[in-house]
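Once you've looked at the hints, dock chain A against the given chain D.
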Amino acid sequence: MRSRDGDHSFTFSISTVVTLFLLLSSALFADEYLISYRSSVKDATLYNETLYISKAMKKCNGTPYNILILDPHNSNDLKTILLQNKEEFTNFLYKIGLNVEHKEETYNSINHSSTVLTLKTTCFKVDFNDNSVKIAPLK
Amino acid sequence: MLQQGYSMKYSLVLVTLLSVASFAADKKEDAQPVQVAPAPSNITVVCPTGSCTKPAEVQKVEVINPVEISKPIEIAKPKVEEKKPVAKNDDVLDAKQNLLISVVGQGVAPVNTSSPAQAYALAKRAAVADAYRLIAEKVKGVRIDGQDLVKNMMVKRSTVRTSVQAMVRNANIVETTFKEGLCEVEMEITLSRSQFPR
Numbered sequence: 001m002r003s004r005d006g007d008h009s010f011t012f013s014i015s016t017v018v019t020l021f022l023l024l025s026s027a028l029f030a031d032e033y034l035i036s037y038r039s040s041v042k043d044a045t046l047y048n049e050t051l052y053i054s055k056a057m058k059k060c061n062g063t064p065y066n067i068l069i070l071d072p073h074n075s076n077d078l079k080t081i082l083l084q085n086k087e088e089f090t091n092f093l094y095k096i097g098l099n100v101e102h103k104e105e106t107y108n109s110i111n112h113s114s115t116v117l118t119l120k121t122t123c124f125k126v127d128f129n130d131n132s133v134k135i136a137p138l139k
Numbered sequence: 001m002l003q004q005g006y007s008m009k010y011s012l013v014l015v016t017l018l019s020v021a022s023f024a025a026d027k028k029e030d031a032q033p034v035q036v037a038p039a040p041s042n043i044t045v046v047c048p049t050g051s052c053t054k055p056a057e058v059q060k061v062e063v064i065n066p067v068e069i070s071k072p073i074e075i076a077k078p079k080v081e082e083k084k085p086v087a088k089n090d091d092v093l094d095a096k097q098n099l100l101i102s103v104v105g106q107g108v109a110p111v112n113t114s115s116p117a118q119a120y121a122l123a124k125r126a127a128v129a130d131a132y133r134l135i136a137e138k139v140k141g142v143r144i145d146g147q148d149l150v151k152n153m154m155v156k157r158s159t160v161r162t163s164v165q166a167m168v169r170n171a172n173i174v175e176t177t178f179k180e181g182l183c184e185v186e187m188e189i190t191l192s193r194s195q196f197p198r
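Residue numbers (this note's numbering), protein chains in the order written: chain D, 1 to 139; chain A, 1 to 198.
For reference, chain D alone in the conformation it holds in the complex (with noise of 0.2 Å):
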């Protein structure tokens, strides 16, 4: 006896299309971003601390790996969301590693000294999940 579903391999065909595109669906959203960072610290006093984040034009190589989960705050921009994490993602990124850069002069006993951490532009592979963002460098 025929079913009523008529053309069942079809229907299957697109229910499992539709499920595999749920389960990817994270996949599908992610984003890769170059983001780098500098602080300047000038006679134990911050000085300058510049973000730079762009979207990357061309596909980054490399893995993921140390990943750090976000609120996103209900934001899709990247910039809003690192902004409204600042502690945590700038945390993340002592995490990572830091150059560090320190000089230190002392003329007539009087001292002056300056310490510059940067990090690299680095990629990093961002997922942007519905209560949450994925944020991972790669290596």
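Simulated from the structure, these hints should not be mistaken for lab results.
A couple of the hints might just be wrong.
Each computed DSBU-like pair below joins lysine-lysine, with the alpha-carbon atoms no more than 35 Å apart [stated by the list, open to error]:
#, chain 1, residue 1, chain 2, residue 2
1, D, Lys59, D, Lys139
2, A, Lys138, D, Lys120
3, A, Lys138, D, Lys139
4, D, Lys95, A, Lys140
5, D, Lys120, A, Lys96
6, D, Lys42, D, Lys120
Just so you know, these numbers come straight off a predicted model, no measurement behind them.
Quick look at chain A alone, frame taken from chain D:
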């Protein structure tokens, strides 16, 4: 008369022979071999004058208990200090054990801040940078250049320049304190031998 002449001749010969004999006896006494002292083991040199600046002068050589030496004489050698093994230092990175480095960085809030929260955040950034610098100094070392200018026996200019350049990864913030405008951040880093390429 002829007999008297012969007796005279004989007496002269006898006198001559006696004198020759006595001369020979004197020579014999003079030619006595000099007794050489056996090889001494201990020699005491007595200088009657008190000073032995001229050993060829009056010196008395006396042999005291000549003992046969069986053992070889030990010549005193200069003492050479043996190299002691270097004491095991706790700060040396061991293959089996990880090394934990802990530092405290300090930072000051800027004068013109809009809120205490901003002051705290900025001071913390500065403290973290200082802590990073301390970690880099401990792990990699510091380059130091110094210059002093002395003119007319007075220091006119004294300059000390230090610089550090390093890449610090996996450093963790342990504790943060903020008191009277000064922020202190305690940071830790764990070093293992596998992190360093050979």
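How the hints compare with the structure:
1. With a C-alpha separation of about 13 Å, the suggested pair D/Lys59 and D/Lys139 falls inside the 35 Å cut-off, and the hint holds.
2. A hinted pair counts as satisfied when its Cα atoms are at most 35 Å apart, and A/Lys138 with D/Lys120 qualifies at roughly 23 Å.
3. For the hint linking A/Lys138 to D/Lys139, the alpha-carbon distance of about 27 Å falls within 35 Å, and the restraint holds.
4. The straight-line distance between the Cα atoms of D/Lys95 and A/Lys140 is roughly 18 Å, inside the 35 Å bound, and the hint therefore holds.
5. Distance check on the hinted pair: D/Lys120 and A/Lys96 sit about 33 Å apart at the alpha-carbon level, within 35 Å; holds.
6. With a C-alpha separation of about 20 Å, the suggested pair D/Lys42 and D/Lys120 falls inside the 35 Å cut-off, and the hint holds.
Checked against the numbered hints listed earlier, the structure breaks none of them; every hint is satisfied.
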